[in-house]
Amino acid sequence: MLVALSAVLTRTASAQGDSAITSNDPRIGLHAGLENAGEAARNLVLIGHVDRPQNFGNPQNPADFGFLNADLAFMGNYVYQGGFNGFQIWDVSNPNSPKLRTSMVCPGGQGDLSVYKNLMFMSVEETRGRLDCGAQGVSDTVSAERFRGIRIFDMTDVDHPKQVADVQTCRGSHTHTLVTDPNDQANVYIYVSGTGPVRSGSELAGCARGASLSDTTTSLFRIDIIKVPVAAPQNARIVNSPRIFADSAGAIAGLWKGGAHGTGTQTTAQTNMCHDITVYTAMGLAAGACSGNGILLDIKDPANPKRIAAVIDPNFAYWHSATFNNEGTKVLFTDEWGGGMAPRCRATDKMTWGADAIFYRAGNNLNLAGYYKLPVAQTEQENCVAHNGSLIPIPGRDIMAQAWYQGGVSVFDFTDPSHPKEIAFFDRGPMDSTKLMLGGDWAAYWYNGHLYASEIDRGLDVLDLKPSDQLSQNEIDAAKLIHFDVFNPQNQPKLVWPASFVVARAYLDQLVRGNGIASARSTAIARDLNRAEKLKGASERAALNQLAARLDQDSRTAADPSRVEALAASVRDLAKR
Amino acid sequence: MNRLLRQIVMCGLSCITARAASAQQAPHYTAADVRFMQGMIGHHAQALVMTALIPERTTRADIRALGQRIEVSQKDEIKMMQQWLRDRGQSVPNPDAQHEHQMMNMPGMTTSDTLMPGMLTTDQLAELAKARGTDFEKLFLKDMIQHHEGALSMVATLLGTTGSGQEPEVFRFAAEVDTDQRAEIARMSALLDRLGNTASPPQP
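Chains as they are written, first to last, in my numbering: chain A, 1138 to 1714; chain B, -1 to 202.
Read the hints as simulated data drawn from the structure, not as lab findings. Some hints here could point you the wrong way.
Computed list of lysine-lysine pairs in PhoX-like fashion (alpha-carbon distance at most 25 Å, straight line) [as the list claims (entries may be wrong)]:
| id | chain 1 | residue 1 | chain 2 | residue 2 |
| --- | --- | --- | --- | --- |
| 1 | A | K1467 | A | K1572 |
| 2 | A | K1394 | A | K1254 |
| 3 | A | K1673 | A | K1713 |
| 4 | A | K1364 | A | K1394 |
| 5 | B | K73 | B | K140 |
| 6 | A | K1603 | A | K1558 |
| 7 | A | K1617 | A | K1631 |
| 8 | A | K1617 | A | K1236 |
| 9 | A | K1572 | B | K73 |
| 10 | B | K140 | A | K1394 |
| 11 | A | K1713 | A | K1617 |
| 12 | A | K1394 | B | K128 |
| 13 | A | K1572 | B | K136 |
| 14 | B | K136 | A | K1487 |
| 15 | B | K140 | A | K1487 |
| 16 | A | K1631 | A | K1572 |
| 17 | A | K1394 | A | K1437 |
| 18 | A | K1394 | B | K73 |
| 19 | A | K1572 | A | K1487 |
| 20 | A | K1487 | A | K1558 |
| 21 | A | K1299 | A | K1236 |
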């Protein structure tokens, strides 16, 4: 069932500031360079770094498009770094010193990766992509050697990835999303977002380039869904190419037609593709960033997603990616104004353009609450705009790490989505002081206690979060309790914290910082927690239950009752251990 | 080979194992890539000639906004193409030359044999420059659709030329032109339909 376009825009939505900071910030005036650029950080520390392997770059042009690093995926002690020339697998058992485990030349861009059990999936979009991973390209305009779509590797032997299937698609694969089905362990699905030119029907049957809005045969205006039998990946195939932008009358081009929204607004791309889809399978939901719209999909039946909401935003040029908060009550969409290749964080650029737009979600309704943009101005020589990131699992708060290309990594709190606030950053100077050379951070993701950032030209960075007045050690330690065996950032996992005194103290720190409870009470609660921790067995349980009961009373009078309740729940979790 | 089977190509044709990654170069650009970039600069430059006509000929906000959008994107892309050519030591056309060349030509002296696909002849440009109000709006849309369709055909020619469009930066740019101009054509066609269905307002 389709729900009509609900373009509800809250006029009062505000950004975190009207203009970017241009002085008194260590990120201003950093000197340029590939390997010796100036660095600035606040509450983040670079603990590990590794360059691209030498054969994954062009020494004459470090920003050569053929070799860019792109997105990341994670499994066990490995970071999988995709790129336009192939991929790297880094062993981060010691995050201070990532070690190259496997490197494979397999060009075709963007090279986004997902991992699942023994399988790895890779996006290929360019016409130079080859079935055999050769780097020589494909000269013929119609060729059986060309590959554009999803490669599937068997990674049973991580040193020898074995390509076991190739699923060709009409527009290739710019990005993709691994979708797991809670009710079906035998299959996984790949949502393929193709954004490139449609190939000829004589190369791949059924591909059609029709661009007219009423041409129902066109390969535009859809996503492709691949079903992958986990035990027989060679049988992977496209099972559906749903027209998720259709209107209630069935017209396939049912969403934003492209263009400006009125005087002084941004010009938004036409919705004929998704750029990125983030699935939250725990809620049966997906958020699609689909060029001209942000959409919500019901994915309880993963092979048949149904659009349940669509929003527009007059400040958005190109809806690029999406992240849910852990409760699913907020959705953050990014706007990749300028395509990631342009300087869009200059002092003259609007703080609501090329930013994150944060929406409240209630059922099928999305309501704009505010914007977040890298708060400090960048130079003309730095491509900069909102890009990929993930939640940092701090209980009780919505905190995210995000890459801004040459704007670096920014960690911010969007618990109050109308007033998002930066709490940490890491940045380098431009690649070059005289001209813009494409570079910077493609993605920054939290994985098992550290932030990993994929640097387009410079390699891989590992960053550690440090406590500050905006983030306590207890909160960081609580984040470190969350452990994933596997993490594909566009397949967002539900965060559930184990019972721990650290979690309770994280909530308490938040109550103190926000004046959420009377200070006499917070002191007493801290003392009670310390005492209970020293006890054992039944006496510990009794002390904790007594504290929880007292916290229930506190919540009736506290300034932040729901946080006091969250603290009470975490204390009860401790008592049940 | 059966195209459907191609979707599920299995081991045998494509199974490979990771080799020690060897220093391989990405595909080199071709003469056709260079011609595409050089030709597209002139092509984009004419769009700027056309959008420069808007302010004195119509007050319609949607046409003006469309013109501004085309201007911004074509200027950005001209810069990018010039940089691409410069980085490869190729001759870099000056977009203003196109401009002056066509504007100084007398109507009737068509230069269509030197124009890239979809570009307006000098006569067409003169006709557009003479039009006002609704006539201008309709003609502008019609001409710009023709102009953009030419860009799509340039992309199709590029991707249809053996060995071309393989360098990743050329591919990315051609893909962008293809996406943007398709979307703009759809938008302009819808606008033209709307204009066609309304009576002409009185002209000043």
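Here's how the hints hold up against the structure:
1. A/K1467 x A/K1572: With a Cα-Cα distance of about 38 Å, the restraint between A/K1467 and A/K1572 is violated, given a limit of 25 Å.
2. A/K1394 x A/K1254: 40 Å, violated
3. A/K1673 x A/K1713: 13 Å, holds
4. A/K1364 x A/K1394: 30 Å, violated
5. B/K73 x B/K140: 21 Å, holds
6. A/K1603 x A/K1558: 16 Å, holds
7. A/K1617 x A/K1631: 15 Å, holds
8. A/K1617 x A/K1236: 22 Å, holds
9. A/K1572 x B/K73: Roughly 17 Å between the alpha carbons, so the hint for A/K1572 and B/K73 holds.
10. B/K140 x A/K1394: Since the Cα atoms of B/K140 and A/K1394 sit roughly 18 Å apart, the hinted pair holds (cutoff 25 Å).
11. A/K1713 x A/K1617: With Cα atoms ~21 Å apart, A/K1713 and A/K1617 stay inside 25 Å; holds.
12. A/K1394 x B/K128: Judged against 25 Å, a Cα distance of about 31 Å means the pair is violated.
13. A/K1572 x B/K136: Not satisfied, since the Cα-Cα distance of roughly 41 Å exceeds 25 Å.
14. B/K136 x A/K1487: 33 Å, violated
15. B/K140 x A/K1487: Cα-Cα ~33 Å, so violated.
16. A/K1631 x A/K1572: Roughly 43 Å between the alpha carbons, so the hint for A/K1631 and A/K1572 is violated.
17. A/K1394 x A/K1437: Violated, at roughly 28 Å.
18. A/K1394 x B/K73: Measuring from Cα to Cα gives roughly 23 Å; hence the hint holds.
19. A/K1572 x A/K1487: 22 Å, holds
20. A/K1487 x A/K1558: 17 Å, holds
21. A/K1299 x A/K1236: 21 Å, holds
In terms of the numbered hints stated before, the structure departs from hints 1, 2, 4, 12, 13, 14, 15, 16, 17, listed from lowest to highest.
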